[in-house]
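Number of protein chains: 2
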Amino acid sequence: MAMLSPITELFEIDYPVISGGMVWCSGWELAAAVSNAGGLGLIGAGSMTPDVLREHIIKCRKATPYNFGVNVPLMRPEAAEMMEVIAEQKVPVVFTSAGSPRKWTNWLHERKIKVAHVVSSSAFAIKCEEAGVDAIVAEGFEAGGHNGKEETTTLCLIPAVRRVTRLPLIAAGGIVTGSGMLAMESLGADGVQLGTLFAVTQESSAHENFKRLCLNLNEGDTLLHFRKLSPTRLVKNGFQATVQEAENRGATEDELLDIIGIGKTRTGIYEGDIDNGEIEIGQAASLLKGHEIEPVNVVMQRFVREYYAARRQLINQAMDEQMSRRTY
Amino acid sequence: MAMLSPITELFEIDYPVISGGMVWCSGWELAAAVSNAGGLGLIGAGSMTPDVLREHIIKCRKATPYNFGVNVPLMRPEAAEMMEVIAEQKVPVVFTSAGSPRKWTNWLHERKIKVAHVVSSSAFAIKCEEAGVDAIVAEGFEAGGHNGKEETTTLCLIPAVRRVTRLPLIAAGGIVTGSGMLAMESLGADGVQLGTLFAVTQESSAHENFKRLCLNLNEGDTLLHFRKLSPTRLVKNGFQATVQEAENRGATEDELLDIIGIGKTRTGIYEGDIDNGEIEIGQAASLLKGHEIEPVNVVMQRFVREYYAARRQLINQAMDEQMSRRTY
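Chains as they are written, first to last, in my numbering: chain A, 42 to 369; chain B, 42 to 369.
These are calculated hints, taken from the structure and not from any lab test.
One thing to keep in mind: the hints can contain errors.
For chains that are exact copies, the list does not tell them apart, and a pair is met inside one copy or across any two.
Result set (DSSO-like, lysine-lysine): computed pairs, CA atoms no more than 27 Å apart in a straight line [unchecked claim]:
#1 K168 with K277
#2 K155 with K330
#3 K330 with K100
#4 K103 with K277
#5 K277 with K153
#6 K153 with K190
#7 K269 with K144
#8 K277 with K100
#9 K330 with K168
#10 K144 with K277
#11 K100 with K190
#12 K153 with K330
#13 K168 with K155
#14 K168 with K103
#15 K277 with K155
#16 K190 with K277
#17 K131 with K153
#18 K190 with K269
#19 K305 with K330
#20 K269 with K103
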């Protein structure tokens, strides 16, 4: 049973649910599983070389008959090569982020590829509309990993973006339940992009240690750091404690860059060194505490059921209110 | 037309909408106006002496025949004297914050006063339930002024609190529109507490300069500071720039206390020195950009209309989906 939404129509999917592109999590297995479960799976190119990306696209196509996409962070030096791979492989959808939506939208449209761009403010949403993208992802402060400088939360961001554009709008950051999707719809969004919820599934390519850690977090166990560089939401661990200590004493940008070093997200998320590595996950992970590492289709079906249950409850409340008024 | 909610029943009000206790904003005029408009107005004792509080309670009772309450921040040294004033004046409702819900709940209940307590985490919500409060306010990172250390946003906080308690739940932080209230209902809240929206009304006792400033903010114009002391959301201005500079260079707690000094919120919010004073408002203020300073009843009626419009739209979408399924 498909849901009606500009997002399901645009991407020809059953549910307006997209899996975010996450370093070391969203390879072909996760993307294909999400598309097979009725959403739109994205391959996250952020932790791939162009050749590795090609391999993932080819494997993803073999693993699902449905649409899928690639998320390309535009600050990556190999972004242009990645776009060539995407065009060569006729990927139907690209989500661009961390850069200007003007840069690739026309080029991708000329190749019949649909484009969504990720923003953290209404000002950037206006630029997206000017650039002619097909959809906008608005991602709030709750999101894991890289984050906007203005720290606007999803609750404040979605209405702000909705006011400046009628484009299909995808809410991201802080959503891990079907009632979260209903809340986003209430604010005017047409669909959701989920990172955290899919990062901890069986098909995520992250290390099992990472998944177990992320399924055992309490409120307050992620915090935003690197405000002087590029704000990033980290899980509290040994690496984060070093960052926190440095920031508390007013460390310079260079000192912080030294701490980041090279490959710390790989160490943490892919290799599973959950104390020394950089661990990125959304604030809403704590809402998943105690969950098992499950297959994507189980997670998606529960999410959809939760959505319908929350919507039914809201409608029932509204009807009760109507009824009680009539009997007065 | 009253709304059905455990909150409207508990406080005997028409709409499950409470005006938060805000220093230098929520005097008797604002509280009475909110209660007269169908919500529950709170007198904010945070910027009052016990004698001033008594005066406000007496004036509020003359100005409205409906229930109203007082918000008492428990870290105030005069909290005990304030409670005596509240009991003497037979105020029907008290909202406690910034302290333990155990401290006053029984004492207030013995005097037939209803009690709600403000929390920023599900752990504190459990303590509220143990203390026997009548309702819980869960306030997220978006809120103006004092804020939780864990930085949990309203979108992540409400579902977390809803899971640990069935008590009437009031969502706060980031809500300035009726669709925001609908989103909170989707997440399981029974009502909302609004600070920002009422701080900028005609009846708010804040200075006009403060109101005009707050009605002209962009996204990103408030930021959380004083993480080393007590996290506080501030509007960007001269005072905030001094704080920001000090925090960037790793200032100690003592240095930060020196910058805070005494009476900086009075200077900013009440006296209207919007560059040198401390200005506190919620992140969602940017959603009010361009609004006029309006009377509370106008603001409340619009809020309620927005809520019904958003709910109708959601229900219509659900019905369209049902219909389209039948015709397949």
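Hint by hint, here is what the structure shows:
no. : hint           : in the structure
1   : K168 with K277 : between (35 Å within a copy, 25 Å between copies)
2   : K155 with K330 : neither (36 Å within a copy, 33 Å between copies)
3   : K330 with K100 : neither (32 Å within a copy, 49 Å between copies)
4   : K103 with K277 : neither (38 Å within a copy, 52 Å between copies)
5   : K277 with K153 : neither (43 Å within a copy, 44 Å between copies)
6   : K153 with K190 : neither (33 Å within a copy, 47 Å between copies)
7   : K269 with K144 : within (26 Å within a copy, 41 Å between copies)
8   : K277 with K100 : neither (35 Å within a copy, 49 Å between copies)
9   : K330 with K168 : between (38 Å within a copy, 20 Å between copies)
10  : K144 with K277 : neither (36 Å within a copy, 32 Å between copies)
11  : K100 with K190 : neither (36 Å within a copy, 44 Å between copies)
12  : K153 with K330 : neither (41 Å within a copy, 39 Å between copies)
13  : K168 with K155 : within (17 Å within a copy, 50 Å between copies)
14  : K168 with K103 : neither (36 Å within a copy, 53 Å between copies)
15  : K277 with K155 : neither (37 Å within a copy, 39 Å between copies)
16  : K190 with K277 : both (20 Å within a copy, 14 Å between copies)
17  : K131 with K153 : within (9 Å within a copy, 70 Å between copies)
18  : K190 with K269 : both (9 Å within a copy, 20 Å between copies)
19  : K305 with K330 : within (25 Å within a copy, 41 Å between copies)
20  : K269 with K103 : neither (43 Å within a copy, 52 Å between copies)
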